[in-house]
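**Q** Sequence lines, in order, name chains A and B. So for the first sequence, the numbering used here puts the first residue at 17; every next one is plus one. So for the second sequence, the numbering used here puts the first residue at 998; every next one is plus one.
These are calculated hints, taken from the structure and not from any lab test. Please note: incorrect hints may appear among the correct ones.
[Unchecked claim] Sample of chain B residues facing chain A (criterion: CB under 7 Å; computed from the structure):
#1 Leu1135
#2 Val1187
#3 Asp1202
#4 Leu1284
Note that the coordinates shown come from a computational prediction; the quantities given were computed from them, not determined experimentally. The beta-carbon is built from N, C-alpha and C at its ideal position, and this holds for glycine as well.
Read off the chains here:
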Amino acid sequence: MSAAAPLPEGAAQAALRSERFRIEREADWRRLETILAEMEKGRLRRISDADLMALPALYRTAASSLAVAREISLEEAMLDYLEGLVQRAWFQVYGPRSGAVAWFRNFLRTGWPGAVRAMWLDLCIALAMMVVGAVSGWLLVARNSDWYHALVPQQFAETRVPGASRDVLAQSLGTADGAGGLTAFAGILFTNNARVAILAFALGFVFGLPSAMLLIHNMAVLGAMLWLFSEAGLGFEFAAWLSVHGTTELLAILLAGAAGIHIGRSMAFPGSRSVLESARESGRRAAVVMVGVVLMMMAAALLEAFARQLLGTGGRLALGTIMLAAWIGYFGWAGRARGATPR
Amino acid sequence: MTAPASPFGPSHDDRRARQIVTPEGVALPFRVASRTARIAALLLDYAIILAASLASTFLAAILAANVLGIGQGPTGNWAGEFLFAGWLVLLFAVWNGYFIVFEMGPRGATPGKRANGLRVAAHDGGRLSPEAVIARNLLRQVEIFLPLVLLAGASSGQGGAAGLAAFVWFACIAAIPLLNRDALRAGDFVAGTWVVEAPRTRLPDSLTGPPASTVHSPGFGFTAAQLEVYGEKELVTLERVLRSGDARTLEAVRRAIARKLEMGAEAAGKDDRAFLEAYYTQLRARLEGGMRLGRRKRDKHG
């Protein structure tokens, strides 16, 4: 690059060969350093096009300078400087490829559904856990209604306890007058549910067992409440009440639990890879799913707060079924045609 | 490929030294972040998050009270609700998204990490993918929040024996960074990342160019025998001394070298810096010449 340019001043008088080497190449290093400083501050616009195009070449020049300098020079400060320069350039050149927006678009189109499809086995396991949980919740409370109080926390139950009359239960399923207070309700629901989902995922690190336990426990609560309402003959209404947001929210919890189990299973049974490698691969896939889970929780919170309180039983059931079909269609088929494999 | 056996950079007994080979075949030395630096960065980050949460709460309260007219009829109530919901979502985003957004940026570090000179990198030397950043940060729930909640429960006696056992178990998870060499926490395992010291670069002026000292001294010449005395390790030490520029150290070193070379009478009364710079230049020329021929002298003992 600087072969045709005249040697900088002082090169000829340099006492040492390594000194001459440094003087000749210092301009390129300084140029690389300025570009890197701007990139690190995120000010990409300040860098000229010529500089940006030159970055990979400058990086390789610096890397080769470092290799040569190690062989011919004993100046510690220059070697430290070159090492730091090459490290910083390496971080930028081999940094993340696309920006956040492009990544998100790719995520919605192929990344998320692909990742979900890749963990089909864990989805089945999580689904089994959830069914087991719901059934055991139902059976426990059917045998002995005292279990209801043990399973369902007080703030959930409110008036919905064994022994409440049919009218009280029916009222708790009713619609709200107007939409007052619902936005705040939605906000609270979202943050709480998203936190539970993230916990279900994070617990997967301990070989997936706590995730499974969390799933079972949550579904047991559901099973208990289902028993309560069906005893009063309101089972159908309760299912409709739940399904508006429940299809989305339960699906999200299923995905979160499956993501946790996915990590746990890959750490417990790494196959031919090392545990670390296995955890790494499954962790990244699970993280993709978790981003989607948070989005689903947002949707579920909105549905729960607004749609549920404003629609009647028929409307709730219809909306719930539509949402379920939409999600299944999305996860089952989106991104397939492009033939993209999940990373 | 070119893994150096030099006296520079992390030495063999630096337990935090690691190496990554770039695709160009150059071995880059890295230093794994120390645990204290990481804890300091974490505390600073949470302080920032807390300050931001309090500030936004305060702001929301002021807005609610003055601007939006909360409590003054239905419109006010609507606005108040949206504000409340928006505030909740904002808090959630800040507490969970702060780390993710910063670590995906060009510096690969949150402000807390940057203040401590650290950054996140991929463990295998490849690209740091966004998924990895998300994965390593979502696990903080298990490593930090859950143990804290359980600690509160256990110390107040509410959870009973089960609560205490759960706390102990989660404390073990939180203690994982203390149990492995690379100071990886649970999130790092799952994401395939590690935290390293960020490179700092500053190229000081050359020591062998025109002399920095303004005092004119006659040039010093040293015989081959006098230059044979020291090796690369002493050269590096001499360079550090010269760059530090401390007058008393310069004098002490000059005296030691002059004594060893048996030049006491000639060197006394002359400028310390000029003497040391001259010796440095000639010693370096000699050692580099030997290096090119494959003859390396590590230190004065051979």
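**Q** Each of the hints needs a verdict: does it hold here or not?
**A** Cross-check of the supplied hints:
no., hint, in the structure
1, Leu1135, "holds, 6 Å"
2, Val1187, "holds, 3 Å"
3, Asp1202, "violated, 9 Å"
4, Leu1284, "holds, 6 Å"
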